[in-house]
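2 protein chains.
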Amino acid sequence: MFKINDNYLKLPGSYLFSTIAKKVNAFQEANPDKELIRLGIGDVTQPLAPAIIEALHGAVDEMASAETFHGYAPDLGYEFLRNAIVEGDYRSRGAKIQADEIFVSDGAKCDSGNIQEIFAKDNKIAVCDPVYPVYVDTNVMAGRTGTYDPKSETWSDVIYMPCTAENNFAPEFPEEVPDIIYLCFPNNPTGSTITKDQLQGWVDYANKNGAVIIYDAAYEAYISEDDVAHTIYECEGARTCAIELKSFSKNAGFTGVRLGYAVVPKDLKCGDVKLHDLWARRHGTKYNGAPYIVQKAGAAVYTEQGKAQLKEQVGYYMNNAKVIFEGLKEAGYTVSGGVNAPYIWLKTPEGMSSWDFFDHLLEQANVVGTPGSGFGPSGEGYFRLTAFGNYENTVKAIERIKNI
Amino acid sequence: MFKINDNYLKLPGSYLFSTIAKKVNAFQEANPDKELIRLGIGDVTQPLAPAIIEALHGAVDEMASAETFHGYAPDLGYEFLRNAIVEGDYRSRGAKIQADEIFVSDGAKCDSGNIQEIFAKDNKIAVCDPVYPVYVDTNVMAGRTGTYDPKSETWSDVIYMPCTAENNFAPEFPEEVPDIIYLCFPNNPTGSTITKDQLQGWVDYANKNGAVIIYDAAYEAYISEDDVAHTIYECEGARTCAIELKSFSKNAGFTGVRLGYAVVPKDLKCGDVKLHDLWARRHGTKYNGAPYIVQKAGAAVYTEQGKAQLKEQVGYYMNNAKVIFEGLKEAGYTVSGGVNAPYIWLKTPEGMSSWDFFDHLLEQANVVGTPGSGFGPSGEGYFRLTAFGNYENTVKAIERIKNI
Numbered sequence: 001m002f003k004i005n006d007n008y009l010k011l012p013g014s015y016l017f018s019t020i021a022k023k024v025n026a027f028q029e030a031n032p033d034k035e036l037i038r039l040g041i042g043d044v045t046q047p048l049a050p051a052i053i054e055a056l057h058g059a060v061d062e063m064a065s066a067e068t069f070h071g072y073a074p075d076l077g078y079e080f081l082r083n084a085i086v087e088g089d090y091r092s093r094g095a096k097i098q099a100d101e102i103f104v105s106d107g108a109k110c111d112s113g114n115i116q117e118i119f120a121k122d123n124k125i126a127v128c129d130p131v132y133p134v135y136v137d138t139n140v141m142a143g144r145t146g147t148y149d150p151k152s153e154t155w156s157d158v159i160y161m162p163c164t165a166e167n168n169f170a171p172e173f174p175e176e177v178p179d180i181i182y183l184c185f186p187n188n189p190t191g192s193t194i195t196k197d198q199l200q201g202w203v204d205y206a207n208k209n210g211a212v213i214i215y216d217a218a219y220e221a222y223i224s225e226d227d228v229a230h231t232i233y234e235c236e237g238a239r240t241c242a243i244e245l246k247s248f249s250k251n252a253g254f255t256g257v258r259l260g261y262a263v264v265p266k267d268l269k270c271g272d273v274k275l276h277d278l279w280a281r282r283h284g285t286k287y288n289g290a291p292y293i294v295q296k297a298g299a300a301v302y303t304e305q306g307k308a309q310l311k312e313q314v315g316y317y318m319n320n321a322k323v324i325f326e327g328l329k330e331a332g333y334t335v336s337g338g339v340n341a342p343y344i345w346l347k348t349p350e351g352m353s354s355w356d357f358f359d360h361l362l363e364q365a366n367v368v369g370t371p372g373s374g375f376g377p378s379g380e381g382y383f384r385l386t387a388f389g390n391y392e393n394t395v396k397a398i399e400r401i402k403n404i
Numbered sequence: 001m002f003k004i005n006d007n008y009l010k011l012p013g014s015y016l017f018s019t020i021a022k023k024v025n026a027f028q029e030a031n032p033d034k035e036l037i038r039l040g041i042g043d044v045t046q047p048l049a050p051a052i053i054e055a056l057h058g059a060v061d062e063m064a065s066a067e068t069f070h071g072y073a074p075d076l077g078y079e080f081l082r083n084a085i086v087e088g089d090y091r092s093r094g095a096k097i098q099a100d101e102i103f104v105s106d107g108a109k110c111d112s113g114n115i116q117e118i119f120a121k122d123n124k125i126a127v128c129d130p131v132y133p134v135y136v137d138t139n140v141m142a143g144r145t146g147t148y149d150p151k152s153e154t155w156s157d158v159i160y161m162p163c164t165a166e167n168n169f170a171p172e173f174p175e176e177v178p179d180i181i182y183l184c185f186p187n188n189p190t191g192s193t194i195t196k197d198q199l200q201g202w203v204d205y206a207n208k209n210g211a212v213i214i215y216d217a218a219y220e221a222y223i224s225e226d227d228v229a230h231t232i233y234e235c236e237g238a239r240t241c242a243i244e245l246k247s248f249s250k251n252a253g254f255t256g257v258r259l260g261y262a263v264v265p266k267d268l269k270c271g272d273v274k275l276h277d278l279w280a281r282r283h284g285t286k287y288n289g290a291p292y293i294v295q296k297a298g299a300a301v302y303t304e305q306g307k308a309q310l311k312e313q314v315g316y317y318m319n320n321a322k323v324i325f326e327g328l329k330e331a332g333y334t335v336s337g338g339v340n341a342p343y344i345w346l347k348t349p350e351g352m353s354s355w356d357f358f359d360h361l362l363e364q365a366n367v368v369g370t371p372g373s374g375f376g377p378s379g380e381g382y383f384r385l386t387a388f389g390n391y392e393n394t395v396k397a398i399e400r401i402k403n404i
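Heads up: the protein sequence lines correspond to chains A and B, in order.
Residues in the first sequence are numbered consecutively from 1, following the UniProt record's numbering.
Residues in the second sequence are numbered consecutively from 1, following the UniProt record's numbering.
Keep in mind the hints are simulated off the structure, nothing from the lab.
Misleading hints may appear alongside valid ones.
Remember, identical chains collapse to one label, so a pair may be satisfied in a single copy or spanning two.
Computed cross-link-like contacts, DSSO-like style, restricted to lysine-lysine with a CA-CA straight-line distance of at most 27 Å [said to hold, decoys possible]:
{"id": "1", "residue 1": "K266", "residue 2": "K22"}
{"id": "2", "residue 1": "K10", "residue 2": "K266"}
{"id": "3", "residue 1": "K274", "residue 2": "K3"}
{"id": "4", "residue 1": "K311", "residue 2": "K286"}
{"id": "5", "residue 1": "K10", "residue 2": "K269"}
{"id": "6", "residue 1": "K286", "residue 2": "K196"}
{"id": "7", "residue 1": "K96", "residue 2": "K329"}
{"id": "8", "residue 1": "K22", "residue 2": "K274"}
{"id": "9", "residue 1": "K3", "residue 2": "K266"}
{"id": "10", "residue 1": "K124", "residue 2": "K286"}
{"id": "11", "residue 1": "K3", "residue 2": "K269"}
{"id": "12", "residue 1": "K10", "residue 2": "K274"}
Just chain A, same shape as in the assembly:
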């Protein structure tokens, strides 16, 4: 008789955003006349930039003729895209990454969920708290997290690094040394970041302790301050301790297009074994490449035209961030984030839990946000709003919040 992977049964409740979707649907069904504004899930709303649309149409035309048709993509992704990535995201920042260290994928969610597979089951992971749920949930599925304590909402074998107002939302080196450290800056969900010097501290810590850093840089395009690193490979020594994950979802609006990449430097080793070889093997065996037309669209992101158009798009969202940040402050809320990230993190009113505030906002202002506690125990008492709505709705949502 076949048996299931019962680690799945240990997962408490469902994936955060599925739970929110269900709650929102139920509210909408019960109140069909209410017009909801969604500032919850980090989905973008602006259309794809003209340069990307043009690249997509061009690639579709190529697929219509046998001479220019493209079947299976090369294992690591098309060279034209990997070269553009290296030039645009690394060489231009003085970071030494080669095109054959880039693994093109269908997004950072898949990569951040799958990357744990190449590590042994008995590695101990450390995560910021609060944190994007995928890191922990996928380690739960792999049986790496021990037992769940519903009271503290923590796993026995996970090292939590609280990020709260007390430490300016920057994680501190944990007492127990972890094997795998998940870091995400600019941060989802808090919208905060750390300086390049602080990040260098983490790289040094990882190298000293034989730990590996999984660096999620999905929100890099939103960095506006000079002392924040755009890639972990700006830090000395990162090539021997860090894997970086990047997404096209937030800088180019690819949430429904699906493209991302992982960087696994060839200097990153466990004994004699290169993690690059393991990830290459996984990529070649379990994955079959991002669509050709999508990879062409990805390359358009790095053209002069694409860069200019996307700078404007990111600027549009960052203006929303400012509207939310300033508006909430005016309304008397304690807010952070929003400067180097599209996320605004607010303290819920005294006596109100994160989910209380979720219901409150949904019912009173018909605005959907994300409860901070959904990201981990230290997120309790916080709430996330995203700048990815359109401007008019964002203004309206903030007006509504001011009036409740």
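With chain A's structure known, arrange chain B on it following the hints.
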């Protein structure tokens, strides 16, 4: 100090098709004047059908405007596509599958590699021998296959079901009862299939023994004979024992477009736990949906126009299959497959191993095929050619093979 998943180190050599690519590249570099014909990897060569190109352009245009832009896709895939699949692939064949039992993905390779994750590590898998390498390799990565014996080229904890000329390439019920049975019909690599009655036998066997069947139906569109099932759910009782994996790669030329789906019926349970719930959790946590434009292209496959155009495309490849089959027979080879599948399976000449014949064909005829032994020990002495080339090259390749 972090540790790697050392199951990866147990994998002998590299993924079959990567090895072939390296050999072919080396030959091409050494012989830049030789014109190679590739009948090896199962990649298609015909351009996308006009109905699909039209759907792609239309969807790209939708992404260009805020009103019709699509961000994150629904967890299971868009309903328009899942409804089209249910109608086109199941209801029309009398198979009872609901739209919420369909999980849209980026292809059958990913699904067939990932599906093992929802099962416990100590399940025993059974595979046909020869077999598509992804089934075994992904179980090796998960630590489910025991130790490798380089002499027999088999894993201690895998049940092999030989499929050779002796049993007409149809697997027999194994002596030891497996927990998970991988079946693929029409078969890759042998190109053979089994009758609906034979498949019913496997469904009955699985239900009786509490086994689950992972049914890979990627080549369904090539079925030409009436007594072959187009889906395992044509068989009585399959809803309680079978997961079906489908691809758009071979029926619609989506190898570079990337689309597939898995069917996990809600009646398929381990005790009280529905596998549907586990796969839904995995899908929601580790995957973020196929691109909107690709899902629109998928829906075009099921339109009247799309169906007519793709019938013609499949017919084109099946004509190639006939050219290969007849040509090899004329040349004195023992051949099978090619009737319900785009693969032709031939016996290598006396005294020549599969890899010997690979080199022989590459060097003497400049034709790339796939060594049968790359698919498992019982594939030794066989060789696979695919019908996915273009007609002119296929004819030319067969002429060359006749002349060596």
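Now the hints, each set against the structure:
no.	hint	in the structure
1	K266 <-> K22	between (43 Å within a copy, 20 Å between copies)
2	K10 <-> K266	between (36 Å within a copy, 21 Å between copies)
3	K274 <-> K3	between (33 Å within a copy, 12 Å between copies)
4	K311 <-> K286	neither (35 Å within a copy, 29 Å between copies)
5	K10 <-> K269	between (32 Å within a copy, 17 Å between copies)
6	K286 <-> K196	neither (35 Å within a copy, 30 Å between copies)
7	K96 <-> K329	neither (41 Å within a copy, 56 Å between copies)
8	K22 <-> K274	between (43 Å within a copy, 20 Å between copies)
9	K3 <-> K266	between (38 Å within a copy, 16 Å between copies)
10	K124 <-> K286	both (25 Å within a copy, 20 Å between copies)
11	K3 <-> K269	between (35 Å within a copy, 10 Å between copies)
12	K10 <-> K274	between (32 Å within a copy, 15 Å between copies)
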